[in-house]
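Visitor: So the chains spell out like this:
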Amino acid sequence: MKPLRMRVFHRSVVFLLGLALVAGTALAQPNKGKTPAPAPAPAGGEPEIEIEGEGSAGGEIDMGTDPGPGDLNADLNAAEQNNAAVKAGPLKRTPLSWKDILVVVRKPFLKSRRTELLPMVGTTMNDNMVRHYTVGGQLSYYLTDVLAIGVEGQYYVHSFREPFDLVARQARRLPTVNQYNWSAALNFHYVPVYGKFAIFDKKLITWEAFFTAGIGAGQSEVVPRDTKFPGFTNLLIIPNVGVSMRFFLAKWLTVSVGIRDYVFYDKFEPTDRSPTMNATADQAKDNSTGSLINNVMFQVGVSFWLPTSFEYTTFR
Amino acid sequence: MKKNILLAAVGLLAIAGAEQQAEAERRQNSLSGDVAVRHRRLLVKNRFELAPLFESTINADFRHIVGGGAKLEYHLGDMLSIGVIGVGSTAIDTGLVKKILPTLERDTNNATREPSVAEFNAHLNSMPFHGAAYVSLTPWYGKLAAFSQAYVAFDFYFQAGVSYAILTSDCPTTICSDPAPGMSSGPGGMNPPDNNPNNDAPLNDGSRLGLYLGGGIHVFLSDFIALDLTVRDYAFSDNPSGADFNANLAVTSDDSRFLHHIFFGVGISIMFPTTVKRTN
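Chains as they are written, first to last, in my numbering: chain A, 1 to 316; chain B, 1001 to 1280.
In short, the hints are calculated from the structure, not lab data. Since the model is a prediction, treat every value here as computed from it, not as a measurement. We treat Cβ as the ideally placed atom computed from N, Cα and C, and that holds for glycine. Any given hint could be a false lead.
Claimed, not checked - Which stretches of chain B does chain A cover? Using the computed rule of at least three CB atoms under 8 Å from a CB of chain A, they are: (1) 1052 to 1061; (2) 1105 to 1115; (3) 1137 to 1148; (4) 1231 to 1245.
As the list claims (entries may be wrong) - Below, computed lysine-lysine pairings styled on DSBU-like, alpha-carbon distance capped at 30 Å: (5) Lys1099/B / Lys107/A; (6) Lys202/A / Lys1277/B; (7) Lys285/A / Lys1099/B; (8) Lys1045/B / Lys228/A; (9) Lys285/A / Lys1098/B; (10) Lys228/A / Lys285/A; (11) Lys107/A / Lys203/A; (12) Lys1045/B / Lys203/A; (13) Lys203/A / Lys1277/B; (14) Lys228/A / Lys1098/B; (15) Lys1277/B / Lys1045/B; (16) Lys1045/B / Lys202/A; (17) Lys107/A / Lys202/A.
Looking at chain B on its own, in the form it has when it is part of the complex (with noise of 0.2 Å):
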């Protein structure tokens, strides 16, 4: 009996032994739960960033919108940060712009329905004025080697937020001459609408709000100075050719859409102070 219980005593004893073992295996070193980088540089919290930019669309339908402008921020927390940013801009017709404009007929002919030079032109808008207000997230940072020379620090950072923008078209009276696109006009309604959507007022003027979002890469050439790079959408109602897009032959305001502005931007971020803390 004794011999029985010594033994079950020493079996117990074993698998107890054997689970401590495994847990032993699984257990993992103290630093595990740790930060991933201690006595860290940081580069951005509680620091204002004031960043001169440069910023032009990307694959753009009729115009190009290319600016500068600034952006300012300020870093709440290591990964959270506030902004607001604002560009000025031109517009600069893309190449489809170009290859459509000499095949069009020079002067006006309402018999047909294709628009004149000068009817084309007038209705296409420019952004002179573009910017958002936003929360930034700062999730990732790091260092990287470039050549196995120079090591500078990095980080990757979202935006999201609330979009504004200026838009602007002129359309002269002479081309724009269609007093009720689309509507009957003349006393009593007697003239029918004329189903020419190219004398119509375009409609693409004003401002818009809208949504915004970004995504960019801070590149750090010293503590206070960094290389900004950021992909940015400004997504708003728009209608960039000021033409017929629903196909009911005249501009209305139904004709305008929910678009993506897609930017691409360039910057030299300058942060305040220009001295950094480190983490424990």
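Isolated chain A, as found in the complex (with noise of 0.2 Å):
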């Protein structure tokens, strides 16, 4: 008999255990037949959810819950559920000091500490004679969360514009253009200005804009009238300031679009070329003509962020 009861028993405990888990896993259903309870009211006024600062619901009291690494959407729905879990609870009044009200949620990205790679694409946007396209990257560690150090490096091809044709037939005058072959600089980054955005009400998006300030040098070369003389290099000194956008798809993730000045002192080639008169290189560049140039490039780039992840130092 004891070990029939015995497997009674076991029968009967699968049999619970069965039951409970059936039971435990009902209550964690949604209700459907039923609206969400609606959130309690703020002592001065009606419920709000604000995106930042004025206004912004607190309740982000919960650390225990730490969204996978990579996963930006999973950190701003787990402070909506930790928003709806203490709005769905009863009421408890407890008495509030100016210090218990969250002005300003934390911010959804850290970069302190961390190294952005950026491989990136530029165009020309102020030379109507020549465009040039760029194929690059930047290498940027971040030292605070707003500064940041870094090298870039581009290569430059081009391509010629229709004013660079038409002066030729209409004005009966070769144009002098050069055509650059690489820049590299050392740049700092300032990130003064930090936001968030919905798309069509549904969707937010973070997103910041950073100055960018550097120096470094390039290459130019000649891009010769006649073609029976030989063109020449340019060694440039290249002082450059930006401005950037940077926008948040995941915690190693970005995409980056910016405006960049890129200043220096050109030479040119020499007017007057002929067999005896400028004919080689070394000649020419000796009598080139200077001028000051302002190459503003459009960038675009996808940033990768090492470490992929990061953690928060401080409470909310």
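Quick one: dock chain against chain with the hints and give me the complex.
Guide: Shown next, in the form of structure tokens:
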């Protein structure tokens, strides 16, 4: 009899466990028949959820659930879940002080002590004779969340625009142009602006704007008006300034678009070249004419961040 | 037999429970289908927008078009609006023209195919007025913090519509003296074409209709005042140099082509009514 009772006991335990499992999971189902409990109204007005600063709903006190690495949306959703959980519960009247009021929620993306690898492409914005396209990259290290130091390098290819041909045919003048071959720079980045925006009132995207200033070097090359004569190259000292926007897609992935002004003093082919004058590259370079150039580039790139995740060091 | 049935039932219940558990894990909170932002200030919905503005071409080939005007827009909803824009402008020679002009011959010499300074200048056109009627979509809105001090609302918008421009060029008959560019003239066509486009009329004035595209940002300085930054493309048929484009040694209507005229605009938008409503 004892063994039989034991078997009956085991079956009962299994059955009860099964029921408990079903019951437990059923309790976790969303209540489809009911609408969510309304959020408790703040003392002074209507319920309000704002994405930033003013009127930000509080309740972000649960540090326990940490979304998986790389999932920026999970972070945002977790914050919303915390809000909902707090609001759905019984209203607990607790005395508040100004210290308890959360004014600014923490940033969903931290950059401090992280490295950004940014492959990018770019194109000229302000030259109506020759358009340059660039392929390059930036490597930046963020010393703080708003300040970074980095290096960049770019390789240039070019194509001539419509006026290059028109001036030759209509005004009977051969334009003097230089092509750019490569450039590199040491840059500093400063991030003074950050924000969020909603797309079609559904999806929240975090972004920031940053300024860049740096100095570097590059090479330009004369495109000879007459191919009988050789061109020559110039080594350029190139300061640059710019402003960019960065959009955060994941904890390790961002997209950047920006405008950069590369300023340099370039030397151009002399207008008087003939077999007896400025025929060689050295002669032409010695008699070249110079001009201050602003090469304004539009740049876009996708950034990869290392380490691929981060941890908050302070409470919300 | 009863034992097997009981075990099978428990197994099915466990599987169902696991499925429900997985479903519960997949579930989202009740806010998942909600709007991104509640209790939001409706900064544009059902409001008129009047924006005095300044506009300038970007990277024009021969003449910068610089001017001022206004746009009037009515926001039908939070994302959709209709509007018109009009800008009166003046023309300024670009650096390219300033480089070319000193190198051209001072006096007209028909023996060369080179234009004189007067011929080159007289063929360039300007755009004293341009504008557009458009539909605008504002899919993005948000807030930004500058230097952790200033918190302002902004939105991005995109526009499409019809553009309109008035082009002028002034080539006196002393310069544009060819009565029949590219064709024989005289009694019985006894005079062959002169093959000199420099004395042909530029044919680059008059009214133009075309396409309009734009994109910009409102940065709200208050509930009813916003900084308005826009890049606009007025695309229509044009021949800015007024010279022979297709190399047939005559200036004809065939030398005009569909060109993009890219402008950057800065304006101050004033919203009416000046008070805003909020979403639920």
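Visitor: If a hint holds in the structure, say so; if it doesn't, say that too.
Guide: A quick look at each hint next to the structure:
For the segment 1052 to 1061 of chain B, the stated coverage by chain A holds: 4 residues have a C-beta nearer than 8 Å to a C-beta of that chain, and at least 3 were required. Counting residues of the segment 1105 to 1115 of chain B whose C-beta sits closer than 8 Å to any C-beta of chain A gives 4, which meets the bar of three, so the coverage hint holds. With 9 residues having a Cβ less than 8 Å from any Cβ of chain A, the segment 1137 to 1148 of chain B passes the three-residue criterion, so the hint holds. Requiring three or more residues with a Cβ within less than 8 Å of a Cβ of chain A, the coverage given for the segment 1231 to 1245 of chain B holds, as 4 such residues are present.
Restraint check for Lys1099/B and Lys107/A: not satisfied, since their Cα atoms lie roughly 51 Å apart, outside the 30 Å limit. Restraint check: the Cα-Cα separation between Lys202/A and Lys1277/B comes to about 20 Å, which is no more than 30 Å; the hinted pair holds. Distance restraint check for Lys285/A and Lys1099/B: the Cα-Cα separation of roughly 21 Å lies within the 30 Å cut-off, and the hinted pair is therefore satisfied. With a C-alpha separation of about 65 Å, the suggested pair Lys1045/B and Lys228/A falls outside the 30 Å cut-off, and the hint is violated.
About 24 Å separates the Cα atoms of Lys285/A and Lys1098/B, which keeps this hinted pair within 30 Å; it holds. A threshold of 30 Å between alpha carbons decides the hint, and for Lys228/A with Lys285/A the separation of about 16 Å falls inside it, so the pair holds. Simply put, Lys107/A and Lys203/A have alpha-carbon atoms about 17 Å apart, close enough for the 30 Å limit, and the pair holds. At roughly 20 Å between alpha-carbon atoms, Lys1045/B and Lys203/A fall within 30 Å of each other, so this suggested pair holds.
Annotation: proposed proximity of Lys203/A to Lys1277/B holds, straight-line Cα distance about 22 Å (limit 30 Å). The suggested pairing of Lys228/A with Lys1098/B holds, with an alpha-carbon distance near 28 Å, which does not exceed 30 Å. Distance restraint check for Lys1277/B and Lys1045/B: the Cα-Cα separation of roughly 9 Å lies within the 30 Å cut-off, and the hinted pair is therefore satisfied. Distance hint between Lys1045/B and Lys202/A is fulfilled; the C-alpha atoms sit about 17 Å from each other, no more than 30 Å.
Between Lys107/A and Lys202/A, the direct Cα distance comes to roughly 20 Å. Compliance with the 30 Å bound is thereby established for this hinted pair.
Checked against the numbered hints given earlier, this structure breaks hints 5 and 8; the rest are met.
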